[in-house]
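Assembling the complex is the task here: the two chains are given apart, and the hints tell you how they should meet.
Top line first, the protein sequences correspond to chains L and X. FYI, the numbering used here numbers position 90 of the first sequence as 190, with every residue one higher than the one before it. FYI, the numbering used here numbers position 95 of the second sequence as 101, with every residue one higher than the one before it.
Keep in mind that a hint or two might mislead.
As the list claims (entries may be wrong) - As a list, the in silico SDA-like pairs of lysine to any residue whose alpha-carbon atoms are at most 20 Å apart: (1) L:Lys129 to X:Leu162; (2) X:Lys51 to L:Val143; (3) L:Lys129 to X:Pro115; (4) L:Lys129 to X:Arg174; (5) L:Lys129 to X:Leu178; (6) X:Lys51 to L:Ala140; (7) L:Lys129 to X:Asp177; (8) L:Lys129 to X:Phe89; (9) L:Lys162 to L:Lys178; (10) L:Lys129 to X:Leu90; (11) L:Lys129 to X:Lys51; (12) X:Lys51 to X:Val85; (13) L:Lys129 to X:Leu114; (14) L:Lys129 to X:Ala64; (15) L:Lys129 to X:Arg65; (16) L:Lys129 to X:Pro116; (17) L:Lys129 to X:Gln112; (18) L:Lys178 to X:His147; (19) L:Lys129 to X:Phe118; (20) X:Lys51 to L:Ala139; (21) L:Lys129 to X:His147; (22) X:Lys51 to X:Phe89; (23) L:Lys129 to X:Val163.
Claimed, not checked - If you want the ones that stay clear, here's a sample from chain X, every Cβ over 10 Å from chain L, calculated: (24) Leu36; (25) Gly93; (26) Leu142.
Calculated from the structure, these hints are not laboratory results. Owing to the predicted nature of the structure, the values given are computational and were not obtained by experimental measurement. Beta carbons: idealized from backbone N, C-alpha and C, even for Gly.
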Amino acid sequence: MTGRVPEGLRELLAQAAGEGHAPWRTLLKAGDWALLLMAALLVAASYPLLWRGGVADRAIVKRDGQLVTELALNTPRKYEVVGAIGTTVIEVQPGRARVLSDPGPRQYCVQQGWLTRANAVAICAPNHVTLQLSGRSGQNGAYDTLNY
Amino acid sequence: MAPMTPSTIELPVTADDYRIARYAAAAIALTVAETALPSPLPGIKPGLANIIVLVVLARYGWRDAAWVSLLRVVAGSLVIGQFLAPGFFLALAGALCSLAVLALAQYLPPRFFGPVSASVLAAFAHIGGQIVLARLWLVPHDGVFYLLPLFATAALVFGAINGLVAARLLDLPAVAPAEAAA
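Chain X on its own, in the form it takes in the complex (with noise of 0.2 Å):
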């Protein structure tokens, strides 16, 4: 978009900045859209924007992948008017927990671990630390971990499956505007 009158500072837009704000439209997209299924127990979803962060750690590297999933916490939160709110840091501490994870669990030997392993250990890495954070924060009392086999069910099955659809959109060849321009 063009702005009405000349800007005084230029900052420059790098095809970079292009591609990660494209994913992370992408996935703040999904984010919005999950916020409309109903949940059993808060804290269990499905989180769909994580294809994208997969997509992205796979086709370019952890550092898109990891600007791909902050931006989508911060903006998606945002959106849905939960910036700041508990749900905002159990977001930011789980996204930030599995992209710890993610950045070791990208060098698992490719001939024989695909996007689905990663996909579950983040998802692991992702309950771990929003639960820790409740514990250590909004609910003072081991009670939460009662409910830790319901959440690690969650992510082993939504991980699971986030994994395969990513594995999937993985799998076919690249269409990809930023790489066709590139």
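Same shape as in the complex, but just chain L (with noise of 0.2 Å):
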């Protein structure tokens, strides 16, 4: 049986098995301890900073309030919206979508640029058009709406 035991296998585990040893405090030194309280403060910063607010998973396109599509957010593609002016084009790319033209004076939803986050919204007044982004669900989402 230990015959089929690589070499260095049983000699760690022969080692590891071994009696006698210093306490496990003893193999950490004083830049160890540093370099782990460092470690586990980053991790924890990491948490608030990637979990605050939800990743979108899919655009939610409205004309007067109504509902006219949900697109995906995980395949690009453009979609047309016939508004109260002209025709809306938005843009959809894995994650992200956006108002790519839009027919209103000022063009403040195509300036708004790319939506990333959940619940951002992009508002085409004078076309009655909206952008919504929706995250996987209504409850994790730390906003209403997100403006800019």
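Written as structure tokens, this is what we have:
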């Protein structure tokens, strides 16, 4: 049986099972403690940073408050909505969406650029069209709406 | 094992080769054993084979550690049937990143830093490499970074534990057969 265990492993297992070790804490030096503490702080900080808000997975397009379509944010495509004064073109790419073009005079919703976070919204008021992103569930949404 | 007929090509096998092969075998055995452990999330594994890499790094230097680590990735994936599957490339990306970090970490002043520091840094590099490859290739969506806190937590915990085990193994008087023979 032991003949089949690779030499290095048997040696390491024998050492690991050996008696008379120094206590675990003596294996850590000052720098190790400092590095572990820093790493723990960084990891703890990453939770609120990365789990704030939701990751958007759908784009909701509405006209006059009525749902026109829902687009999944996993394949690139373009979608045209006919509004009050012309056609608004919505562009979807993996994880984000934007208003590509709009007939509105001031182009606010076009200049807003890419929307990436859940509940971000672009409103093309003159054309009565809105584009809103939606996360995978409503309850973890940090924002009711995002505007810039 | 003696060949049945004398080979016309003799590859000289050095003591280095035997030593690397022996440690790589130990690392592969740990990789295989680890696949039996249940994992809450794909990608979260203790990475026990990295204990061997850390021991080899401290005893024989970075070159041997790189050999053992990469042999472990290739041969380990062959044994568990993952060779050239996505998991193989993720493991390779992780191993390459952690070897790069270990190449720098071995110059940390040994007065203040032991194997635990090297292990934690290598574990972070490991998940870093994997998640970047996953983002570029497997999941072209920033949603993978959503899992980063979980992966980072696992890296911290398992990195510290593996580092402690490696530190304890290194703390013992070395009785490696290779050294006895040398």
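Results for each hint:
About 17 Å separates the Cα atoms of Lys129 of chain L and Leu162 of chain X, which keeps this hinted pair within 20 Å; it holds. Between the alpha carbons of Lys51 of chain X and Val143 of chain L the distance comes to roughly 17 Å, so the proposed pair stays at or under 20 Å and holds. Distance restraint check for Lys129 of chain L and Pro115 of chain X: the Cα-Cα separation of roughly 11 Å lies within the 20 Å cut-off, and the hinted pair is therefore satisfied. For the hint linking Lys129 of chain L to Arg174 of chain X, the alpha-carbon distance of about 13 Å falls within 20 Å, and the restraint holds.
Among the hinted pairs, Lys129 of chain L with Leu178 of chain X is consistent with the structure: their alpha-carbon atoms are about 17 Å apart, no more than 20 Å. Distance hint between Lys51 of chain X and Ala140 of chain L is fulfilled; the C-alpha atoms sit about 19 Å from each other, no more than 20 Å. Taken as a hint, the Lys129 of chain L and Asp177 of chain X pair is honoured in the structure, with Cα atoms around 13 Å apart against an allowance of 20 Å. For the hint pairing Lys129 of chain L with Phe89 of chain X, the CA-to-CA distance comes to about 39 Å; that exceeds 20 Å, so the pair is violated.
Between Lys162 of chain L and Lys178 of chain L the CA atoms are separated by roughly 15 Å; this keeps the pair inside 20 Å, and the hint holds. At roughly 40 Å between alpha-carbon atoms, Lys129 of chain L and Leu90 of chain X are farther apart than 20 Å, so this suggested pair is violated. For the given pair, Lys129 of chain L sits about 26 Å from Lys51 of chain X by alpha-carbon distance, which is inconsistent with the 20 Å threshold. For the suggested pair Lys51 of chain X and Val85 of chain X, the alpha carbons sit about 17 Å apart, so the restraint of at most 20 Å is met.
For the hint linking Lys129 of chain L to Leu114 of chain X, the alpha-carbon distance of about 12 Å falls within 20 Å, and the restraint holds. In summary, the hint linking Lys129 of chain L to Ala64 of chain X is supported, as the alpha carbons are separated by about 15 Å, within the 20 Å threshold. Under the criterion of a C-alpha separation no larger than 20 Å, the hint pairing Lys129 of chain L with Arg65 of chain X is consistent with the structure, at around 18 Å. For the suggested pair Lys129 of chain L and Pro116 of chain X, the alpha carbons sit about 9 Å apart, so the restraint of at most 20 Å is met.
Proposed proximity of Lys129 of chain L and Gln112 of chain X is supported: the alpha carbons are some 15 Å apart, at most 20 Å. This hinted pair checks out: Lys178 of chain L and His147 of chain X have alpha carbons roughly 18 Å apart, not beyond 20 Å. Distance check on the hinted pair: Lys129 of chain L and Phe118 of chain X sit about 5 Å apart at the alpha-carbon level, within 20 Å; holds. Distance restraint check for Lys51 of chain X and Ala139 of chain L: the Cα-Cα separation of roughly 19 Å lies within the 20 Å cut-off, and the hinted pair is therefore satisfied.
Straight-line distance between C-alpha atoms of Lys129 of chain L and His147 of chain X comes to about 40 Å, which puts the hinted pair past the 20 Å bound. In summary, the hint linking Lys51 of chain X to Phe89 of chain X is supported, as the alpha carbons are separated by about 18 Å, within the 20 Å threshold. The suggested pairing of Lys129 of chain L with Val163 of chain X holds, with an alpha-carbon distance near 17 Å, which does not exceed 20 Å. Remark: the non-interface label on Leu36 of chain X conflicts with the geometry, its nearest Cβ contact in chain L lying 8 Å away (cut-off 10 Å).
For Gly93 of chain X, the condition that its CB be more than 10 Å from all CB atoms of chain L holds, with the nearest at approximately 22 Å. Listed as outside the interface, Leu142 of chain X is consistent with that label: its C-beta sits roughly 12 Å from the nearest C-beta of chain L, beyond the 10 Å cut-off.
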